[in-house]
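Visitor: Sequence:
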Amino acid sequence: MSLIADLSEQFGRAFVALGLEPADGGVAVSQRPELAQFQCNGALGAAKRAGRQPRELAAAVIAALDDTSRFADLSIAGPGFINITLSDDALATFVEGVHAGGGVGVDQAATPVKMIIDYGGPNVAKELHVGHLRPAVIGESLKRIFFALGNEVIGDVHLGDWGSPMGQLLAELEDRQPDLPYFDESLTGPYPTESPVTMADLNEMYPAASSKAKADDEFGERARRATAELQKGRPGYLALWNHFREVSIDAIKEVYDELGVTFDLWHGESTVAERLDPLIERLLDSGVARRSEGAVVVDVALPDDKGEIPPLLMAKSDGATLYTTWDVATIEDRVDELGVAAMIYVVDARQSLHFEQVFRAARKAGIVGDDVLLEHAGNGTVNGPDGKPLKTRDGGTPLLRGLIDDAVARAADRLAENDLASEYASEERTAIARLVGLSALKYGDLQNHRASDYIFDLDRFVSFEGRTGPYLLYSAVRMQSILRKAAEAGIKPGPIAPPVGEYDRNLMLALLQLPETVVRAAEHRAPNHVALYAYELAAEFSRFYEHCRILDEPDATRRAGWLGLVELCLRELSFLLDLLVLEVPERM
RNA sequence: GCCCCAGUAGCUCAGGGGAUAGAGCACCGGCCUCCGGAGCCGGGUGCGCAGGUUCGAAUCCUGCCUGGGGCGCCA
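FYI, in numbering that gives the first Met the number 0 the residues of the first sequence are 0 to 587.
A couple of the hints might just be wrong.
[Stated by the list, open to error] The calculated lysine to aspartate or glutamate pairs, modelled on EDC-like cross-linking and capped at a C-alpha distance of 20 Å, are: (1) Lys113 with Glu374; (2) Lys213 with Asp317; (3) Lys211 with Glu173; (4) Lys484 with Asp393.
[Claimed, not checked] Pairwise CB distance ranges, derived in the manner of DEER restraints: (5) Lys113 with Thr261: 17 to 25 Å; (6) Asp418 with Asp452: 32 to 40 Å; (7) Asp304 with Ala415: 56 to 64 Å; (8) Ser185 with Arg290: 31 to 39 Å.
None of these hints come from the bench; they were simulated from the model.
Backbone N, C-alpha and C define an ideal beta-carbon position, used for all residues, glycine too.
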């Protein structure tokens, strides 16, 4: 159990002994570090219920504590805060417990939850762009955070692979290469195993076909028909579509791999194709859905809604399905096939109405019960210096690949400018620049709250100063370096001893805040809590490092204890950086 | 028109009932006989406006202002 949870339980018992609630005993890190290490504010809230004065109640709580041997100070301040300071012995004992245990002090969930996180959303035939950055890193980070807490977490990329762009591509390719066997309706296969198009072809065809469909009615109509026929399973179209899909997945995966983002499932909209007709039929039969202007809609408004929630369109008047249909069917699929108890969607926050409607429809249709959590953890957007969505110089949407390359190139430039890592072989320098650039990009994103829009400033992210990815990597590398140096000198880390001053004491206190931070990040679905804490921990280490000369320490026990502290600090920082999808080089 | 999100320091952003609201950058000034200066130490200004709830509000509620986003046959 974490220290803070332990203290909270102990204070909770004291409140219970006074006839109050265990929850009143909640202990938190002090807001006034100069006064105390921890504080309990429960007496303030409980005073009215107990019909007592807050300060008097606080005194009673302190008197009711079952064991005060580990406290150096317990005092009442202000209107009734209980200020708590541990003895140095108790503090070191607790930290050493974590150190000796080999972990970072995180408690595993008593009842693991099987959950799915949906955080990709790339489209077939389209390269990943800047809009895919936030869901990718936030989703990946959340997946790791929930996993670290002992849950069973499945990541699903949820490809966009069943919509009208597919028909547009089919029509476009038929115009360009009408002789391909896929378009001959008298054939049903077998078709060539080699794709007739590359990712570069698709990339060029996609926007061309898309604008053509808007401008040219005849083409648009053919594209719509092609989509419908694909969805009905025309063999040639399906075979071609499979090529599109495979070629695209290869390209998409490459970029995600570069970012360290991986998915357990490469499902897509098409995964639920078989479910669509039965689903709509069932919705109509049960009266959950109704026909409106030829389309199928589900009324999802509830009596106590603040405003009007419009009906959800489940099928077009021509009978075709659309993304609402696929999303509802996907929920059904995830319940049936995976049996998950929670589905968290890390998808652009602008989709919030869509998800609200889809979730309501799924519940109304009885597809999920109240025991299944459906949540849209919406992400904000990446904006340019003008506060508007980031664009390239020529006004286009920046590709994710380009963003990564820019970040890595800038990192390489900075290394050269500052004459850093110059003594390493060029191959290693390149590898370092890559990790530094990626850390800048990802930490620059993750330090912002999930739902906030933020201004993308590569110069700031790639700067090696202050709260940046490179600083965190640098801190971890320094820890590795000192441990390596100690090992070379034959000095072994030992058990963590009571602190000798404010720097090692503060570092110990910082180390003990990891478990609550990870839990908070999970509860809010907000990796920025982890990102900010990782920085605070690294900064606390830097202070300690600056003021306590570890390897020069003559007292061998103290020196070994400090090395043990470094060891735990590196372990915790590495754990946190992994949660943030950041990779640390051996040296830099 | 309705709904959602946001408005916190010069800038970029945290914090979401608790004491004196934080960080980074920028700006000014210190610290290298150095376990890595990508560092450390010091310096200061702010919760859009108006009400309300509360012992206590940046935080919760209401209204307004400003900005962004969304609102059935695209995804």
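Visitor: Now, for every hint given, state plainly whether the structure supports it.
Guide: Right, here's what the structure says about each hint:
1. Lys113 with Glu374: 14 Å, holds
2. Lys213 with Asp317: Holds, because 18 Å separates the two Cα atoms, which is no more than 20 Å.
3. Lys211 with Glu173: OK: Lys211 and Glu173 at ~14 Å, within 20 Å.
4. Lys484 with Asp393: 51 Å, violated
5. Lys113 with Thr261: 17 to 25 Å: About 18 Å separates the Cβ atoms of Lys113 and Thr261, which means 17 to 25 Å holds.
6. Asp418 with Asp452: 32 to 40 Å: Distance hint for Asp418, Asp452 holds at roughly 37 Å.
7. Asp304 with Ala415: 56 to 64 Å: Taking Cβ atoms as reference, Asp304 and Ala415 lie about 58 Å apart, which means the hint holds.
8. Ser185 with Arg290: 31 to 39 Å: With a Cβ separation near 37 Å, Ser185 and Arg290 satisfy 31 to 39 Å, so the hint holds.
Consistency note: the structure conflicts with earlier hint 4 alone.
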